[in-house]
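Here the protein sequences come in this chain order: A and B.
Going by UniProt numbering, 196 is the number at position 196 of the first sequence; the sequence numbering is gapless.
Going by UniProt numbering, 71 is the number at position 71 of the second sequence; the sequence numbering is gapless.
Each hint should be verified, as a subset may be incorrect.
In silico lysine to aspartate or glutamate, DMTMM-like type, Cα no more than 25 angstroms apart, as pairs [unchecked claim]:
1) A:K60 / A:D106
2) B:K124 / A:E164
3) B:K183 / B:D34
4) B:K228 / A:D235
5) B:K238 / A:E143
6) A:K167 / B:E149
7) B:K224 / A:D137
8) B:K238 / A:E139
9) B:K124 / A:D223
10) A:K146 / A:E116
11) B:K124 / A:D235
12) B:K124 / A:D239
13) B:K124 / A:E165
14) B:K224 / A:D106
15) B:K228 / A:D223
16) B:K224 / A:E130
Bear in mind the hints are in silico, worked out from the structure with no lab data behind them.
Just so we're clear, the structure is a prediction, and the values are computed from it rather than from any experiment.
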Amino acid sequence: MTGPSDSRVVRVWRGDADDGELVDFQVEAHEGEVVLDVLHRIQATQAPDLAIRWNCKAGKCGSCSAEINGRPRLLCMTRMSVFTQYDEIVITPLRTFPVIRDLVTDVSFNYTKAREIPAFVPPPGLGPGEYRMAQADVERSQEFRKCIECFLCQDVCHVVRDHEENKSAFAGPRHLMRVAELEMHPLDTADRVPAVQDQHGLGLCNITKCCTEVCPEGIKITDNALIPMKERVADRRYDPLVWLGRTISRRRD
Amino acid sequence: MTHLVRRILAPEFGAHGVHSRGRAAIGSGTVRLDNWWRAPAATTAGLLVFLLYGGFRAFQQQYFFADERYLTPFYSPCVSLGCASEPGSAHFGMFLPDNPLIPYAALSLPFLLGFRLTCYYYRKAYYRSIWLAPAACAVPEPHATYTGETRLPLILQNVHRYFFYVALLVSLVNTYDAIVAFKHPTDGFVVGVGNIVLLVNVALLWCYTVSCHSCRHVTGGRLKHFSKHPVRYWLWTKVSALNTRHMLFAWVTLGTLVLTDLYIALVAAGTVTDLRLVG
Numbered sequence: 001m002t003g004p005s006d007s008r009v010v011r012v013w014r015g016d017a018d019d020g021e022l023v024d025f026q027v028e029a030h031e032g033e034v035v036l037d038v039l040h041r042i043q044a045t046q047a048p049d050l051a052i053r054w055n056c057k058a059g060k061c062g063s064c065s066a067e068i069n070g071r072p073r074l075l076c077m078t079r080m081s082v083f084t085q086y087d088e089i090v091i092t093p094l095r096t097f098p099v100i101r102d103l104v105t106d107v108s109f110n111y112t113k114a115r116e117i118p119a120f121v122p123p124p125g126l127g128p129g130e131y132r133m134a135q136a137d138v139e140r141s142q143e144f145r146k147c148i149e150c151f152l153c154q155d156v157c158h159v160v161r162d163h164e165e166n167k168s169a170f171a172g173p174r175h176l177m178r179v180a181e182l183e184m185h186p187l188d189t190a191d192r193v194p195a196v197q198d199q200h201g202l203g204l205c206n207i208t209k210c211c212t213e214v215c216p217e218g219i220k221i222t223d224n225a226l227i228p229m230k231e232r233v234a235d236r237r238y239d240p241l242v243w244l245g246r247t248i249s250r251r252r253d
Numbered sequence: 001m002t003h004l005v006r007r008i009l010a011p012e013f014g015a016h017g018v019h020s021r022g023r024a025a026i027g028s029g030t031v032r033l034d035n036w037w038r039a040p041a042a043t044t045a046g047l048l049v050f051l052l053y054g055g056f057r058a059f060q061q062q063y064f065f066a067d068e069r070y071l072t073p074f075y076s077p078c079v080s081l082g083c084a085s086e087p088g089s090a091h092f093g094m095f096l097p098d099n100p101l102i103p104y105a106a107l108s109l110p111f112l113l114g115f116r117l118t119c120y121y122y123r124k125a126y127y128r129s130i131w132l133a134p135a136a137c138a139v140p141e142p143h144a145t146y147t148g149e150t151r152l153p154l155i156l157q158n159v160h161r162y163f164f165y166v167a168l169l170v171s172l173v174n175t176y177d178a179i180v181a182f183k184h185p186t187d188g189f190v191v192g193v194g195n196i197v198l199l200v201n202v203a204l205l206w207c208y209t210v211s212c213h214s215c216r217h218v219t220g221g222r223l224k225h226f227s228k229h230p231v232r233y234w235l236w237t238k239v240s241a242l243n244t245r246h247m248l249f250a251w252v253t254l255g256t257l258v259l260t261d262l263y264i265a266l267v268a269a270g271t272v273t274d275l276r277l278v279g
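I would like the entire structure built from these sequences, with the hints used as guidance.
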């Protein structure tokens with residue numbers, strides 16, 4: 001952006017599950033605005049039927065996920081000032097999920113996967129209000145609680161983005177991180193390691209870190225959740241020394 | 001190659017990936033406008049240069065010991081009978097046959113290669129740059145099917161921690177080499193530029209080795225309750241801090257390994273004179 005107000009060409013994908021196309025809009029962009037502001041101006045002045053899912057406009061609800069110039073981003077957290085006057089701005093819906101209309105996709109895949117993860121299992125006899133945990137023990141899980149469920153990581157992950165057939169076997173980074181969150185929780189008593197490999201498809205992840213790259217909360221999904229879970233699987237399945245140690249000591253840490 | 005480009009860019013190439021039924025019909029496989037191919041191209045070039053240089057040097061069997069005290073990491077530990085050509089280079093005995101197809105450091109090199117091949121960072125690097133799965137984020141991969149690390153041979157990536165254990169031992173050997181290099185057989189204690197080169201190299205090798213994700217796991221990451229293991233928790237925090245720079249150390253050590261080896265080779269060949277700072 002060169003001045004307080006500029007006229008820009010923004011290309012927005014419009015269509016539904018059957019077909020669609022990129023439509024050019026000449027629209028004003030004011031200083032300090034984000035891409036979502038410009039889309040709202042298009043809605044207000046040129047295309048009142050343009051479908052966009054949005055809510056908080058503060059990067060916390062995770063609703064306005066889309067792809068800007070081919071990269072998964074939050075529409076409300078992408079400032080127009082990152083584009084020069086000569087940059088093309090192409091806005092498309094998430095490309096991993098079925099499109100409903102325009103920029104709105106059906107993200108129910110993620111809710112199905114979320115339901116497949118067993119909930120927190122506290123120690124027997126410990127009621128609500130009686131949980132006591134050291135800060136050092138909960139810190140790792142707390143990082144994962146920052147997730148706003150925008151599903152950008154799910155969208156960018158090539159395991160399902162490029163292979164529709166993997167959707168049944170693979171939970172995606174957001175949900176593998178949820179398993180890690182519970183597995184690292186000091187009071188969770190469930191054994192989640194076999195399921196993370198066999199039911200949630202951790203073995204399909206090849207740690208290429210796109211999930212970490214796109215996370216608007218800056219969560220180190222790969223380094224802090226996925227790789228530690230892969231190491232736990234290696235402990236259990238591929239490390240005879242750890243197996244021997246566990247068998248001899250018969251204890252969990 | 002044309003086949004790969006078609007798969008990445010052509011929308012009509014089967015109802016696959018982002019072109020699957022029900023997904024937005026956007027045409028091109030990616031609408032990324034930036035130079036997304038630069039990072040994988042640079043990675044491929046970097047890895048290739050190292051492999052070519054390392055492969056050549058591992059089998060050269062010449063110019064690996066300089067000034068009767070500098071042993072290059074590519075020949076450490078020098079355990080081939082061929083190491084006798086450079087008296088003083090074999091710190092741990094000579095027992096492997098002297099054969100052009102067996103590197104003098106055949107005891108360590110395969111494990112070091114395995115350590116880097118199964119490293120979580122290098123896996124990302126070559127999955128992206130060589131296997132193109134994916135070449136860059138939100139850029140379609142060219143493969144029709146994908147099974148990740150669930151089958152042979154990629155399931156073997158899970159042995160990374162064993163390579164890490166061996167790499168720890170090799171780092172100890174390299175450290176020993178760097179320390180004994182201060183002792184010249186006739187001049188006694190000396191310090192030359194080569195000593196600094198070896199020390200910097202070994203320090204960075206330690207950084208790369210202990211910043212490994214498996215190291216992070218075995219030092220403390222596998223624990224459920226950090227508060228019950230304060231020493232391991234402290235170690236884990238230190239390894240975690242290094243771990244955030246694992247990629248940096250991965251590349252820096254490739255560079256320092258080549259430069260250290262090149263320096264020692266040039267000194268050994270007489271092309272460069274090692275400047276003595278002390279002694």
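Going through the hints against the structure:
1. A:K60 / A:D106: holds (20 angstroms)
2. B:K124 / A:E164: Holds, at roughly 22 angstroms.
3. B:K183 / B:D34: The hint is violated at about 54 angstroms.
4. B:K228 / A:D235: Between B:K228 and A:D235 the Cα gap is close to 20 angstroms, so the pair holds against 25 angstroms.
5. B:K238 / A:E143: holds (18 angstroms)
6. A:K167 / B:E149: Cα-Cα ~16 angstroms, so holds.
7. B:K224 / A:D137: holds (7 angstroms)
8. B:K238 / A:E139: Status holds; Cα separation ~15 angstroms.
9. B:K124 / A:D223: holds (12 angstroms)
10. A:K146 / A:E116: holds (21 angstroms)
11. B:K124 / A:D235: Given pair B:K124, A:D235 holds - Cα atoms ~21 angstroms apart, limit 25 angstroms.
12. B:K124 / A:D239: holds (22 angstroms)
13. B:K124 / A:E165: holds (23 angstroms)
14. B:K224 / A:D106: Violated. B:K224 to A:D106 sits at ~37 angstroms, over the 25 angstroms cutoff.
15. B:K228 / A:D223: With Cα atoms ~23 angstroms apart, B:K228 and A:D223 stay inside 25 angstroms; holds.
16. B:K224 / A:E130: holds (19 angstroms)
Hints 3, 14 from the list above are not met by this structure, while the remaining hints are.
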